[in-house]
Amino acid sequence: MSFSFLKGYNDPDVRNCTTYTEVIKNRTKSFPNHVVFRFLEDGINENGSFTFLQLQYRAQAIATSLQRTGKKGDSVLLLFQPSLEYIASLYACFYSGFVAVPA
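Here the working numbering is used: the first residue of the sequence shown is 2, the next is one more, and so on.
By construction, these hints were calculated from the structure, which means they are not laboratory data.
Heads up, the beta-carbon is just placed ideally off N, CA and C, and yes, glycines get one too.
None of the hints are false.
In silico lysine-lysine, DSSO-like type, Cα no more than 27 Å apart, as pairs:
1. K73 - K26
2. K73 - K30
3. K72 - K26
Here are the computed distance ranges between Cβ atoms for each label pair:
4. T19 - I45: 36 to 44 Å
5. T20 - K72: 12 to 20 Å
6. R39 - L79: 16 to 24 Å
7. P33 - G98: 20 to 28 Å
8. E42 - T19: 33 to 41 Å
The whole structure should be built from the sequences, with the hints applied where relevant.
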């Protein structure tokens, strides 16, 4: 699959992937301890963060739980305040093939 917006982008962790979840998995292998998300509860002060490894671990745990109760293509309503758990749940939908419906 070729994405025109990646033309000239030479990072193999991204360039050779066909899905966004592949990018995250490759980045987790290459940079497991790199912080990928920082949560700023008040917009200024950090209240938590996810490394690539933490994000993948948490998202896959949630995805496993989702797969026990539904199937690929099902919609999942994400009722969260802004938080790292929202991010992990969104990525869980990506990993498991569920359709995320943010609210």
